[in-house]
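Novice: Here the protein sequences line up with chains A and B, keeping their order. According to our numbering, the first sequence holds residues -7 to 425 in order. According to our numbering, the second sequence holds residues 21 to 314 in order.
Treat the hints as calculated values from the structure; they're not laboratory data. A hint or two may mislead.
No more than 20 Å apart at the CA atoms, straight line, and that leaves these computed lysine to aspartate or glutamate pairs for DMTMM-like [said to hold, decoys possible]:
#1 B:Lys203 to A:Glu287
#2 A:Lys285 to A:Asp295
#3 B:Lys194 to A:Asp311
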Amino acid sequence: MQIVLIGINHKTAPVEVREQLAFNTELVSDALGELAQAFGGCEFALLSTCNRVECYAVVEKAGGPTPKELARWLVEFRSVDYEAVTEHLYIKINEDAVTHLFTVCSSLDSMVIGENQITSQVKECYKISCQHETTGKVLNRLFHDAFRTTKEIITNTSIANRRVSVAGVAVELARQLFTDIKSSKVVIAGAGQMGELLVEHFLHEKCRDVTVVNRSRQRGCQLAEKHGVTNQPWEQLDKEILEANILVGAASAPEGYLFSKDRIKSLMSKRRNRSLLIVDITVPRSFDPAIVKIENVYLYSIDDLAQVAQDNIKLREGDLEQAIEIICQSVTAFMDWFVTRDIGPLMGQIRESFEHIRENEMEKFFVGPRQDAGCREFLESSMSRVVNKVCHCVIRHIDSLSKEHGAEEAEKFARGIIENAQQIISEDTKKNQ
Amino acid sequence: MFDLLPVERLLFFGILLLSVISSILAHLQIVKSDVKFSRLLVVFTSVQILLAGGLLAMRAVAVKAFPMSGVFESMLILMIFIGISFLLLSAYLKQIWFVSVTAWMLLGVNILAAVVAKPASVLEETVRTPWVVVHALSMTMAGAMIVLASTMAVLFLWSQKRLKSKRFVTLFGKMPTIETLEKLNLLGLRLSFAAMTLGLISGIGLIAAKSAGLGMTLADWLSDSKIVLVAVSWMILLVTLVLRRVLGFGGRKIAQSTLVVCFLILFAFIGSKIFCKSDHDFEIKSSTQSRQVE
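Pulled out of the complex, with its shape left as it was, chain A reads as follows (with noise of 0.2 Å):
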């Protein structure tokens, strides 16, 4: 058996050649269905996300579907051409397959090292094919083994602590200037995309008090209906921000700056000179940026913060070492167990034939006169703890030329073992006839 990954994502492939190949859930749900009745015995799952669609299978490696096989037929169920797409796909058989899988979980081979996104998506992946029965002993294990593997790269590293965005930063800026940012009140002046992108980041961190002011009471009204939030008019700003904690900058004025320095001096000193934090994200400014200097008042435009989320993308590259060590760890284990997987069924029929080559020879042992001998049960008793110490040191040796030499030298050995048992098997129960 092996395991197979046919795939294509950000890395190898634009959008246009991405979407062609793209699947929805309903779409995934019928690929397996088709894949499993197409190619009885194996196993399947499939991973579509906007930035890769990638094919998860274990096959038998003779009388299986060859990888190219399953890569034309994936391609050809979407109604692409498949010569068209072929210098964009990536083939990868057992340990590449894994380490890609666990690398992919973990976001590694994410466009932001560190997003959780896709390690629920692959959560979803797994799902629906356990649902469609495509997965078996060797894919529940990996994806298992996957999701474990994220687990201990979250909680050993730091590639998921610091915040990669613009609004996420904002938001852990709130949390370094005010204790409670739930009870916080954020006045958003301006309604654009950004606007509503502080908003929701705001209402993430479950802030109690989020206010929209914008030019438009139309848009201003239609944001605030869309998140359940509070909308003031234009001309009630000033009062709002005499209440507020964090001023979010979404609007820009026609010249010049929408606050001047004065024009927040004259409101800090009307506030009590309580801090002030204001998140300006409008290109161009509109907060003057001399506003830093006036007494609590904590300004950042959107290049500020967009610095540290660089900063913190590279922070997070720093620990990408240490993740891909653990990712090693991991592969090699799973490895190990998928390498001496299918020589355990060997291991039992060694086990058997050796009780039957003890079972014939008490057979011949208590015959005649030691028919009715004291000592059966003794003497069984006894064979048995030595055929088990036997069986245990050809299991070991078994287990260690798997590691050394490979499976495939394992179950050749095995084999050979299970062979010579039955042959002597055989001449024993000849010689008894």
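Start from chain A and add chain B according to the hints.
Specialist: This is chain B only, laid out in the frame that chain A set:
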């Protein structure tokens, strides 16, 4: 430190040693960005408090009274107050910088205690009144509160500088919020002001009751360096708190005032002993001397 009795020296050496180890661990915490030594620091601080308490108890037995005349005793009580406040706060503030800076602050206090360490002394018979007990305890309490407020002020100013200069990444998760630091700084300042006010009132009560017996005139009192420094500190605290209430004086100015007052108070406690003349102690002789007399 070398004037102390052997047992006292041993106990105080233990305090200093623990304090130095705590400071090294505090430094390692910051270097490694890990709070794994925090529990150990809490244990070490608790042991330091116990040792300081034991040292004070030994001195109380030696002079057969509550030991309050010496600066060394005051520094030990100061250390105990700061230590207990740290233990209480550490349940809520677990950030690396808070724990580490407090450990360094304790080391500073212990080093100052080592500088002024001397054998136990007894109070002059004239001043042995309830006034002096209230005065000594409230002034030490005021000192402890101002040292704690200063710790918060230092952290606040450093945090604010990093935030204003947009180099704030290092603060995330390692420093208490600006709001918490400002609140604790102000709380320390208010408690210190209240304790100092009580200390001043009890001091004035003591003067009114026993001035003649001490042989000091009003001019002597008003020109005593320690008293002048404490009075100036009290005035600064008063002005700061009034301006805060009336004009909404902000965190930075409060923090700066705190540091000035802390310096003045520490100078009044220790510096006045070394650099200026002060008749404020009212001690007659050391315990060793008194034992020799007996």
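Novice: Output the numbers, in ascending order, of every earlier hint that fails for this structure.
Specialist: none
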